[in-house]
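Peer 1: The lines below spell out each chain.
Number of protein chains: 2
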Amino acid sequence: MSKTKLVANWETLQRIFIRPEDDTSQAALLKYMEQILFGLQDFLKENVGITEEAGLKELSDRFRNFHIKADPARRLAEVIRGIIEDIAPRAVNVASPYFIGHMTSAIPYFMVHLQTIMAALNQNPVKLETSKVVSIYERQVLAKVHRMIFSKPDDFYEEYIQHPDSTLGNFVEDGTLANLTGLWVARNTALNACDGFDGVEQQGMAQAFKAHGIERCVVLVSQLAHYSLRKAGGILGIGNQNILPIEVDSSSRMDNKKLLSAVKSISLPGSKTKILAIVGIAGTTETGTVDDLPRIADICAENRIHFHVDAAWGGPTLLSEKHRYLLRGVERADSVTIDGHKQFYMPMGCGMIYFKDPFLMDKVAYHAAYINRPGSVDLGRKSLVGSRAATSLILGSALDIMGSGGYALLIDHGIETARAFADEIGKRPLFELVTAPQLNILTYRIVPESIRDKWERADTDEKKELTSLLNRINIRVQRLQRQSGKSFVSRTTLKRCWREDIVVLRAVIMNPMTDMSIINEILDEQEEIYRQLAEHAI
Amino acid sequence: MSKTKLVANWETLQRIFIRPEDDTSQAALLKYMEQILFGLQDFLKENVGITEEAGLKELSDRFRNFHIKADPARRLAEVIRGIIEDIAPRAVNVASPYFIGHMTSAIPYFMVHLQTIMAALNQNPVKLETSKVVSIYERQVLAKVHRMIFSKPDDFYEEYIQHPDSTLGNFVEDGTLANLTGLWVARNTALNACDGFDGVEQQGMAQAFKAHGIERCVVLVSQLAHYSLRKAGGILGIGNQNILPIEVDSSSRMDNKKLLSAVKSISLPGSKTKILAIVGIAGTTETGTVDDLPRIADICAENRIHFHVDAAWGGPTLLSEKHRYLLRGVERADSVTIDGHKQFYMPMGCGMIYFKDPFLMDKVAYHAAYINRPGSVDLGRKSLVGSRAATSLILGSALDIMGSGGYALLIDHGIETARAFADEIGKRPLFELVTAPQLNILTYRIVPESIRDKWERADTDEKKELTSLLNRINIRVQRLQRQSGKSFVSRTTLKRCWREDIVVLRAVIMNPMTDMSIINEILDEQEEIYRQLAEHAI
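First to last, the sequence lines map onto chains A and B.
Going by this note's numbering, the final residue of the first sequence carries number 546, and the count climbs one at a time with no gaps.
Going by this note's numbering, the final residue of the second sequence carries number 546, and the count climbs one at a time with no gaps.
By construction, these hints were calculated from the structure, which means they are not laboratory data.
Be careful, since some hints might not be right.
Each pair may be met inside one copy or between any two copies, as identical chains are not told apart.
[Unchecked claim] Here are the simulated SDA-like pairs of lysine to any residue, each with C-alpha atoms no more than 25 angstroms apart in a straight line:
| no. | residue 1 | residue 2 |
| --- | --- | --- |
| 1 | Lys265 | Asp532 |
| 2 | Lys471 | Arg312 |
| 3 | Lys503 | Asp257 |
| 4 | Lys77 | Arg340 |
| 5 | Lys13 | Gly413 |
| 6 | Lys218 | Lys280 |
| 7 | Lys265 | Ile26 |
| 8 | Lys266 | Arg83 |
With these hints in hand, go ahead and build the complete structure from the sequences.
Peer 2: Here it is, written out as structure tokens:
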């Protein structure tokens with residue numbers, strides 16, 4: 009802490025708004041950047057740090073200051089040191105190759121530079137008057153990713169890439185908002201204007217039901233769909249109970265037969281229920297599985313239903329020549345969600361939604377007198393959000409630096425390592441593979457041989473008890489490993505139609521530094537934790 | 009361009025994920041940061057750059073590449089140079105003190121450092137397992153701003169600052185999403201569960217109307233409300249036609265009498281219409297005016313209606329001892345929107361919503377099996393968005409560095425300069441002040457003396473024609489000034505009940521470098537543009 013009292017005055021205030029031109033001040037600013045870039049080294053090298061050592065209670069006790077002080081409390085240098093010395097060691101090292109529990113991972117270091125340049129330019133693509141070329145650049149990036157998904161012919165992109173009335177997609181904060189946008193557009197398309205009715209956007213859901221002669225509308229999704237789809241149902245006035253989960257088959261894909269029979273039973277003649285959309289998942293959050301997109305596309309086409317694909321996770325798989333076949337059928341979707349901060353390895357804050365039809369977003373256009381005037385080319389006219397960062401600068405630059413080839417290496421590594429991981433599970437008697445990796449996510453659990461034996465001879469009630477015992481074992485092992493702080497595998501509960509809810513360990517392989525030797529260490533640790541538990545009788 | 013062909017291979021790929029430890033590589037990374045920090049100097053010093061010199065058409069023609077190349081196209085160094093040399097000069101210099109047209113402005117340089125450290129840590133506060141201390145830190149920042157707004161007693165904050173079941177507020181991408189969140193919660197509170205009905209979130213709007221015995225629900229807002237409120241009405245299934253604009257009085261505030269009579273006529277006994285919320289604005293986008301918040305609070309209290317305040321712009325005025333009185337009554341709101349990227353001078357991407365009642369967000373809680381389990385302390389349980397950046401690190405640090413005193417200097421400068429601006433308008437015969445600044449925004453227009461004279465003697469039809477002529481003049485002058493590229497004042501169209509729609513010039517004073525000498529230059533330029541137009545007969 010500096011000894012001189014810090015005071016806010018006009019002179020220092022002006023100084024922080026003018027970038028210094030003298031060498032000393034420039035050197036100081038650069039020194040801070042050096043601390044940020046390399047001072048975090050230790051944080052980024054050590055353990056994953058979800059240790060409970062410094063417990064939540066203890067941490068909570070340290071952050072209880074609710075006063076904004078009148079005078080400055082700290083200088084930038086002290087703030088940076090504070091974050092490096094005090095915050096970072098108690099944050100989670102998502103960049104560790106031992107952190108294989110969630111969809112947040114290491115990012116290439118150049119992403120930090122790109123985020124910095126975006127902040128320094130401080131453009132706001134909601135309107136041309138605060139972004140200009142950046143809005144135009146954004147359209148180019150959107151077209152590149154649109155083409156990655158939909159593979160439309162060149163003349164399509166030549167026509168629409170800079171066509172101000174068309175909207176190939178949107179940048180939003182995350183996949184939740186992208187899914188919300190997709191269903192928003194689907195809702196407005198299904199409940200559009202008709203005789204004497206201006207449209208659901210204008211008059212609301214209750215009036216829309218009257219005008220369209222229905223009493224309910226629903227969205228069909230896999231039971232493994234992300235919870236953001238239920239949330240979107242709640243927000244959009246559809247009701248989250250009307251986001252109907254369809255059971256999955258033995259490979260964790262939405263069961264086609266059950267989907268078709270649901271569609272048929274809902275669409276019976278005289279039905280008062282309308283299906284707004286069917287959602288296929290390309291990489292479910294919990295198991296990384298990909299629904300049978302071509303079949304869902306058929307069903308949607310036959311029944312004229314909006315086809316949304318949640319490819320928040322799996323989308324960039326399309327950059328791999330080797331594995332893009334896994335997403336076959338995505339090009340038939342009406343709308344597709346992809347997250348930049350997942351497998352495009354970008355910093356947080358880059359959800360995206362894409363539309364096959366460049367005019368579908370006309371259904372959600374808004375104007376204002378000071379911007380987004382009708383006829384303007386402002387990107388904010390058709391978008392869930394208003395002001396936002398120029399995230400396209402990061403994605404566009406990253407595509408230049410990596411090439412699809414660079415991304416393909418990451419994708420291929422993840423998928424191949426996950427398969428090797430699954431093989432290793434098969435070799436270890438303590439473990440059972442629950443969902444095999446279709447992309448780079450797998451789930452498994454600990455099933456001790458003693459319980460395996462009992463299972464064979466157990467009746468229904470006994471099986472229930474054994475499942476409950478297995479669940480307790482897996483919860484404890486996962487927690488103890490997390491607390492020991494060296495590595496992190498997450499856990500979830502899978503609802504399986506053919507047996508009880510089971511607790512599984514969930515691994516997400518996206519860090520290129522996560523190799524089989526690390527995975528074996530993680531499995532060894534889990535075995536060791538289990539052995540110690542067993543010795544002390546669970 | 010480097011001559012060697014760039015190839016994506018495993019070796020280079022690994023290199024970009026490991027922060028280099030040797031001096032040469034570290035020096036290279038730091039050099040890039042130096043370019044970003046100081047290479048943008050020229051961009052940040054020269055004109056505002058909304059010049060049409062490089063027209064949109066020409067720019068659009070340059071960004072028509074829709075192919076993602078397989079091999080890397082450019083190295084990081086080339087990408088940075090490209091942004092500095094090619095993008096930045098064609099972006100908008102929102103940091104110029106001559107850019108007084110929108111709510112985007114210069115930010116203190118330390119904000120760039122803070123954004124960089126946030127990116128380097130890459131935490132995701134949706135869940136504790138990807139953020140840990142950062143989630144706890146965020147709760148502290150939320151409490152500080154909550155206290156700035158609601159001034160609850162200390163024991164309130166001592167109880168709730170780290171209480172895992174309470175939610176004092178949310179970080180979202182922008183004010184649009186904050187307003188959406190506010191109305192989402194208001195809708196769910198008004199249309200909550202009742203006998204045989206699970207709630208609007210669960211069962212949707214049409215069922216909610218039946219259960220609550222209503223046929224319509226509405227939100228009352230000033231006619232000057234931001235268009236995001238209409239959009240929220242559309243998204244939430246209320247219908248944007250049911251976001252009812254209340255006319256403003258002569259000081260551009262929502263007319264209290266008209267508001268009260270609207271409330272009364274809607275709430276007549278036996279009415280089938282429910283008022284979900286009344287929205288007061290603390291700093292309208294177009295005129296910066298503040299509604300009569302205490303009176304609206306009274307009306308809401310008397311009629312038990314949710315009171316939302318959109319303080320996206322005006323919120324930080326509360327940090328100024330001198331001017332906080334302008335927002336009196338905001339502490340009585342149920343929910344309040346504030347944007348960090350506006351008058352907290354943060355980089356883009358920091359909308360916020362605050363709730364007086366720390367349990368009101370229970371109405372929008374969602375759970376999932378792998379995170380946000382019931383009983384967890386994950387911040388993502390009650391939030392419109394899911395994954396997001398740890399923006400609280402920037403705001404919390406900025407509050408430390410600036411103190412409320414530092415922010416007060418900025419706020420006071422803006423308001424006082426806007427008043428001086430208005431005085432100057434009064435002194436110049438060519439101009440007419442249309443809306444006086446209550447905060448730091450004012451609108452005015454060019455009204456040549458010849459037209460002023462004619463106006464005095466004109467009948468209704470002639471006045472209509474004169475207004476239309478004035479509008480054309482102001483549109484042309486604003487465009488020509490924008491095109492000349494030296495300075496930027498925006499324009500909007502105000503709908504006035506007592507006369508025709510009028511086009512006005514709109515100035516937003518938030519850059520501390522914008523002083524009266526610059527404002528006089530801008531006005532001189534407008535006069536000169538008008539004179540030249542007049543000479544050539546408009």
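Peer 1: Each hint needs a verdict: does it hold in this structure or not?
Peer 2: Right, here's what the structure says about each hint:
1. Lys265 / Asp532: neither (41 angstroms within a copy, 73 angstroms between copies)
2. Lys471 / Arg312: neither (44 angstroms within a copy, 54 angstroms between copies)
3. Lys503 / Asp257: Only inside one copy: Lys503 and Asp257 sit 12 angstroms apart there, 58 angstroms across copies, limit 25 angstroms.
4. Lys77 / Arg340: between (56 angstroms within a copy, 23 angstroms between copies)
5. Lys13 / Gly413: Answer is between: at 13 angstroms across copies they meet the 25 angstroms cutoff, but 54 angstroms inside does not.
6. Lys218 / Lys280: both (11 angstroms within a copy, 16 angstroms between copies)
7. Lys265 / Ile26: neither (65 angstroms within a copy, 47 angstroms between copies)
8. Lys266 / Arg83: Intra 61 angstroms, inter 50 angstroms, cutoff 25 angstroms: neither.
Figure legend: structure checked against the earlier numbered hints; hints not met, in rising order: 1, 2, 7 and 8.
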